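Start from the sequences, fold in the hints, and give me the full structure.
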Amino acid sequence: MDAPLLFTPLTLRGVTLKNRVVVAPMHQYAAERGFATDWHLMNAGRYAAGGAGLVIMESTKVERRGCGTLGDLGIWEDAHVPGLARCARFIREHGAVPGLQLGHSGRKARRFRPWEGGAPLTREAAVAALDPASWEAWELVAPSALAAPESDPLPRALSRAEIPEVIEHWGQAARRAREAGFEVLEIHGAHGYLIHQFLSPFANRRNDEYGGSLENRMRFCLEIVERVRAEWPEDKPLFLRLSVEDDSGWGPAESVALAQRAKPLGVDVIDCSSGGMSGAPVVSTGPVTYGYQVPYAERLRREAGIMSMAVGLIVHADQAEAILQEGRADLIALARELLYNPNWAMDAAQKLGVDPRFALVPPAQAYWLEKRARQVREVVPSTYMAPR
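Counting in the working numbering, the sequence shown runs from 30 upward without gaps.
Simulated from the structure, these hints should not be mistaken for laboratory data. Predicted, not measured: the structure shown is a model, and the values here were computed from it. Be careful, since some hints might not be right.
Computed list of lysine-lysine pairs in DSS-like fashion (alpha-carbon distance at most 25 Å, straight line) [claimed, not checked]:
# : residue 1 : residue 2
1 : K400      : K380
2 : K380      : K47
3 : K47       : K292
4 : K47       : K400
Between beta-carbon pairs, the in silico distance windows are [stated by the list, open to error]:
# : residue 1 : residue 2 : range
5 : H345      : E168      : 40 to 50 Å
6 : S411      : S163      : 19 to 29 Å
7 : P316      : Q394      : 35 to 45 Å
8 : A157      : L70       : 24 to 34 Å
The beta carbon of each residue, even a glycine, is placed where N, CA and C say it ideally should be.
Here you go:
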């Protein structure tokens, strides 16, 4: 067998990933008024120490009213930079490339945490944690004054004059991410959040140059890409996450068209997810099973001529390797499986027969694991159970 592609380095602009294993951004809902906490340091650090090539921290909000919950991480003011820089530095020191996702929840903002029910946040709960002024400023905005579902609070449609201000928030967030020391940046354009709302004919009913035709609905996203790229160094890669299919009027053909427009503006990789506009991320590729979203990464890679990242129930090392060997994606992102096993990258390298000295992980782990493997050859690690 050739050297596994999963553990072949990949260079994106001036940044080299030691392998193709990516930690997908996962909301932690653990920030305090937008500031990173020790939880964020621990959570990002365990994945870096587990051998991943790229660790992308969660959707970090470009403005206060874009927060989904009380616990969303923020980058809307310079004071947020030191806490994020601490995380980026720790990720890098433990062998991974630090990445950050930038987001804005739009009409899906101001909600309870998912394990608290995920319903629209009440004024009483918000004021108890913040103050009345913060609640009043935490406004729901969207391309159009449409709630989804209809039982949700009604957002206010952004005026034409406000749109450049929102785009500027993304630019300033990119500047702060650069100052914090991140090396990869991802724009969150998926899962029913603000950029996706502008892309969608389901959520965007505007009659100006930001609504109506596909070209107009893509304008907000593409102008954000331009503004972010203006602040993001030329030698650092930029990713764009899309719901390639949302079952609500935005699908693979539209995603290909957007990717083709975004690539010359400076987007290097499309992170291919799905859903979130009118329901869960369950889409038309068939039942939700292993690798159910991989066809989207394959199609974007083939038809848009851009690198793609596959994500969604990628669980096993041989499964991830096959996706790469078959040319269906360039990068493999994992989320919930990493919650189950933060050392997934290290584990996958062993299963694929590479890294006998455990060089993927820091010496405090590698020394003892290599010693055990050398001295007690019959030991079978606990993660080696055959899939059911």
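Hints and how they fare:
1. Between K400 and K380, the direct Cα distance comes to roughly 17 Å. Compliance with the 25 Å bound is thereby established for this hinted pair.
2. Of the pairs offered as hints, the one joining K380 and K47 holds, with about 18 Å between alpha carbons and a cut-off of 25 Å not exceeded.
3. Only pairs whose Cα atoms come within 25 Å are accepted, and K47 paired with K292 is accepted, the gap being roughly 24 Å.
4. Of the supplied pair hints, the one linking K47 and K400 holds, its CA atoms being roughly 23 Å apart against a limit of 25 Å.
5. In this structure the hint that H345 and E168 lie 40 to 50 Å apart at CB holds, the actual value being about 44 Å.
6. With their beta carbons about 46 Å apart, S411 and S163 fall outside the hinted range of 19 to 29 Å.
7. The supplied range of 35 to 45 Å is met by P316 and Q394, whose beta-carbon atoms lie about 37 Å from each other.
8. Taken as a hint, the range 24 to 34 Å holds for the pair A157 and L70, whose Cβ atoms sit roughly 27 Å apart.
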